[in-house]
Amino acid sequence: MTEFLVRRVAQAAFVVWGALTITFVIVRLVPGDPAAMMLGPFSDEAQRAALRGELGLDDSVLVQYGHYLLDAVQGDFGESFRLGGSSMDAVLAAVPATAVLAVAAMIVTTLLSLPMGIAAARHPNGPIDRLVSAASMVGQALPQFWVGIMLILVFAGGLGLFPTSGAGSLRSLVLPSAALALPYVGWLARLVRAGVLDELGADYVRTARSKGIAERAVFYAHVLRNALVPVVTAGALVLGVFLGGAVIIEVVFAWPGVGKLLIDSISYRDYAVVQAAVVLIAVSYAVLNLAVDLVYGYLDPRIRVGGS
Amino acid sequence: MADLQAAPAGVARPRPRRPGGGVTFWVAAGFTALYLLVALFGPLVVPYDGIATSIPDRLLPPLSTTSTGTTAWLGTDQVGRDLFAQVVQGARVSLLVAAGTILVGGGAGLLLGMVAGYFGGAVDSVIMRLGDIQLAFPGILLAILLAAVLGPSLLNVIIVLAVLRWVIFARLVRGSTLATRGREFVDSARVLGVGTPRILRRYILPAVLTPFVVTATVQVGLMIVAEASLSFLGLGVPPDTASWGTTIANGREYLTTAWWIATLPGAVLALVVLALGILGDQMRDRLDPKLRS
Chain A
1 MTEFLVRRVA
11 QAAFVVWGAL
21 TITFVIVRLV
31 PGDPAAMMLG
41 PFSDEAQRAA
51 LRGELGLDDS
61 VLVQYGHYLL
71 DAVQGDFGES
81 FRLGGSSMDA
91 VLAAVPATAV
101 LAVAAMIVTT
111 LLSLPMGIAA
121 ARHPNGPIDR
131 LVSAASMVGQ
141 ALPQFWVGIM
151 LILVFAGGLG
161 LFPTSGAGSL
171 RSLVLPSAAL
181 ALPYVGWLAR
191 LVRAGVLDEL
201 GADYVRTARS
211 KGIAERAVFY
221 AHVLRNALVP
231 VVTAGALVLG
241 VFLGGAVIIE
251 VVFAWPGVGK
261 LLIDSISYRD
271 YAVVQAAVVL
281 IAVSYAVLNL
291 AVDLVYGYLD
301 PRIRVGGS
Chain B
1 MADLQAAPAG
11 VARPRPRRPG
21 GGVTFWVAAG
31 FTALYLLVAL
41 FGPLVVPYDG
51 IATSIPDRLL
61 PPLSTTSTGT
71 TAWLGTDQVG
81 RDLFAQVVQG
91 ARVSLLVAAG
101 TILVGGGAGL
111 LLGMVAGYFG
121 GAVDSVIMRL
131 GDIQLAFPGI
141 LLAILLAAVL
151 GPSLLNVIIV
161 LAVLRWVIFA
171 RLVRGSTLAT
181 RGREFVDSAR
191 VLGVGTPRIL
201 RRYILPAVLT
211 PFVVTATVQV
221 GLMIVAEASL
231 SFLGLGVPPD
241 TASWGTTIAN
251 GREYLTTAWW
261 IATLPGAVLA
271 LVVLALGILG
281 DQMRDRLDPK
291 LRS
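Residue numbers (my numbering), protein chains in the order written: chain A, 1 to 308; chain B, 1 to 293.
Here chain A stands alone, though its shape is the one from the complex (with noise of 0.2 Å):
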């Protein structure tokens, strides 16, 4: 176990530094000087060297990344130049509307794909089968931002039951949440379906059966439990998608999180945000991978033992 621990730990740390340096690499690709773009139009050429020398601008692209990993590490991105202040501190305000987000789009999803998956099993072929089946395709085909819209058309413009934009109240969170969960549960009714579809057909099942043991408790007891290990991950992977994919649906509904902070972040030029805001998504989804694959690895001490 601690040697599964140990090679699963340096991976997430290779993976976050990869990110630092992908994301190094992107923004120093930026065309123009940024102390041109910080300091506006009416600045003279000695103001702007002086920021550059200040920033580190001058330095070899070698020793700013090697400052940059340095301060990364330490959480220090710089200031953002349009809110003030630290840029990290500025996304870490906006992490639990994100954060609050996702869970609530990981709660619809489970709590539709789970019964729908496991109906969808119980009588494959049967109209719930081909619903999952239809809803999975349909699903993965419908971009998430035009969901959105159609969300806010139907029940907020037409219906009136919900606001269209912002947070603050339960209500609020309604469509943004199903917008960000619908794409995704058919996907993971499918996966339900082949997950307890596979325990069916295994030895134990067949044993308990000739026990005599009543088929719900066969299912439930048996089935059902080996058949949520692999979801348990897909669930968490689906979490990390979440993160990642409020961006959009946080434009779409001027939901105050990280995502809309990196849009309009992006859109001033303001660089250090950017920068802290790709970082801390990406550093979460690593470790979510991470705390996965402990989960499983302690749910199925196969993969602990063989895994490569």
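Don't read these hints as lab results, they were simulated from the structure. Quick caveat: nothing in here was measured; it's all calculated off a predicted structure. Beta carbons are placed, not taken as given, at the ideal position from N, Cα and C, and that holds for glycine. Some hints could be false.
Stated by the list, open to error - Examples of chain A residues toward chain B, derived with CB under 10 Å:
no.	residue
1	V9
2	Q11
3	A19
4	A141
5	G240
6	I281
Stated by the list, open to error - Derived DEER-like restraints, expressed as beta-carbon distance ranges:
no.	chain 1	residue 1	chain 2	residue 2	range
7	A	D203	B	G121	50 to 58 Å
8	A	V63	B	R129	20 to 28 Å
9	A	A36	B	G195	49 to 57 Å
10	A	L111	B	T71	40 to 48 Å
11	A	G168	B	L63	39 to 47 Å
12	A	F4	B	P197	40 to 48 Å
13	A	G212	B	L36	53 to 61 Å
14	B	L36	A	V232	38 to 46 Å
15	A	R7	B	L205	32 to 40 Å
16	B	V27	A	V232	36 to 44 Å
17	A	G40	B	A33	49 to 57 Å
18	A	E215	B	G121	46 to 54 Å
19	B	A29	A	S60	53 to 61 Å
20	B	V27	A	R28	47 to 55 Å
Following the hints, complete the assembly by docking chain B onto the known chain A.
This is chain B only, laid out in the frame that chain A set:
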């Protein structure tokens, strides 16, 4: 016991056909063909002018008659531009982006995947670890970051999506290459002294191509969604280009007065992507049963 039962069943059992699977396939194929035709030739028949405005015709609902006497099948937008012409133009933009991405990203993935799978060793490790890092990074974030830095243009969207997707193709191709590398006909070609580039081209490539085409079909659909999403955020094609994403973003401002501007391009997009998804799935079932999940 289990073996005795399994062996004849595996051979003799007819492939389970989904009821109506044939019809679904042809409908999806027909719709895809229609999309290709419209994207290629539509703008010639229904020209779109991004800067022409017609104030008397603004915000007309679908099926209205414009001031020039023509019918606006899908209505008009806030400056009187015909929505149908915009959707047709958007089809071309999305096809351009998808085809360009398959060409650049798929091509790079094909090459790198074949090299990684055939040679193995350090080359394989470097290419695949690079892919691992990238896949651990949320895709949409990478796209947004890269698109923001490069600026909005058709070519940049293709670059962004190619960077995003090469890993998918490289992994797939590497897997098929690994499976083919050890086959007898490849060994015998090597023993007979056939050069490595020729082995890759004549012996590995044909085996790799079928799963590649199947995956590419599905990826075209995903690419269309990605292009629309980036354009919606203002990070895709320039705002004066009629993309499905920019049209939907534009219609968002007029949801209460003109529902059709945001609704109809999105519906067309969803239908196209759905058709491509079904087509890809059915092609996979027909061409390569091993790939079925």
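Tested hints:
Taking 10 Å as the C-beta contact cut-off toward chain B, the hint placing A:V9 at the interface is violated, the least distance being around 14 Å. Hint on A:Q11 holds. Least Cβ distance to chain B is approximately 8 Å, under the 10 Å limit. About 5 Å separates the beta-carbon of A:A19 from the nearest beta-carbon of chain B, less than 10 Å, and the hint is met. Checking A:A141 against chain B by beta carbon gives a least distance of about 4 Å; that is within 10 Å, so the hint holds.
Of the supplied interface hints, the one on A:G240 holds, with its beta-carbon coming within about 7 Å of a beta-carbon of chain B, less than 10 Å. About 6 Å separates the beta-carbon of A:I281 from the nearest beta-carbon of chain B, less than 10 Å, and the hint is met. A C-beta distance of roughly 40 Å is found between A:D203 and B:G121, which places it outside the suggested range of 50 to 58 Å. A hinted range of 20 to 28 Å holds for the C-beta pair A:V63 and B:R129, which are about 26 Å apart.
Checked against the given bound of 49 to 57 Å, the beta carbons of A:A36 and B:G195, roughly 54 Å apart, stay inside it. In this structure the supplied range 40 to 48 Å holds for A:L111 paired with B:T71, their Cβ-Cβ distance being about 46 Å. Range check, A:G168 to B:L63: Cβ separation about 41 Å, and the 39 to 47 Å hint holds. Checked against the given bound of 40 to 48 Å, the beta carbons of A:F4 and B:P197, roughly 42 Å apart, stay inside it.
The beta-carbon spacing between A:G212 and B:L36, approximately 59 Å, falls within the hinted interval of 53 to 61 Å. The supplied range of 38 to 46 Å is met by B:L36 and A:V232, whose beta-carbon atoms lie about 42 Å from each other. Taken as a hint, the range 32 to 40 Å holds for the pair A:R7 and B:L205, whose Cβ atoms sit roughly 36 Å apart. For B:V27 and A:V232, the Cβ-Cβ distance of about 37 Å falls inside the hinted range of 36 to 44 Å, so the restraint holds.
The hint said 49 to 57 Å for the Cβ distance between A:G40 and B:A33, and at roughly 53 Å that hint holds. At about 53 Å, the CB distance of A:E215 to B:G121 agrees with the hint of 46 to 54 Å. Between B:A29 and A:S60 the beta carbon distance is about 56 Å. The supplied range of 53 to 61 Å therefore holds. Range check, B:V27 to A:R28: Cβ separation about 49 Å, and the 47 to 55 Å hint holds.
In this structure, the earlier hints numbered 1 and 7 are contradicted, and the remaining ones agree with it.
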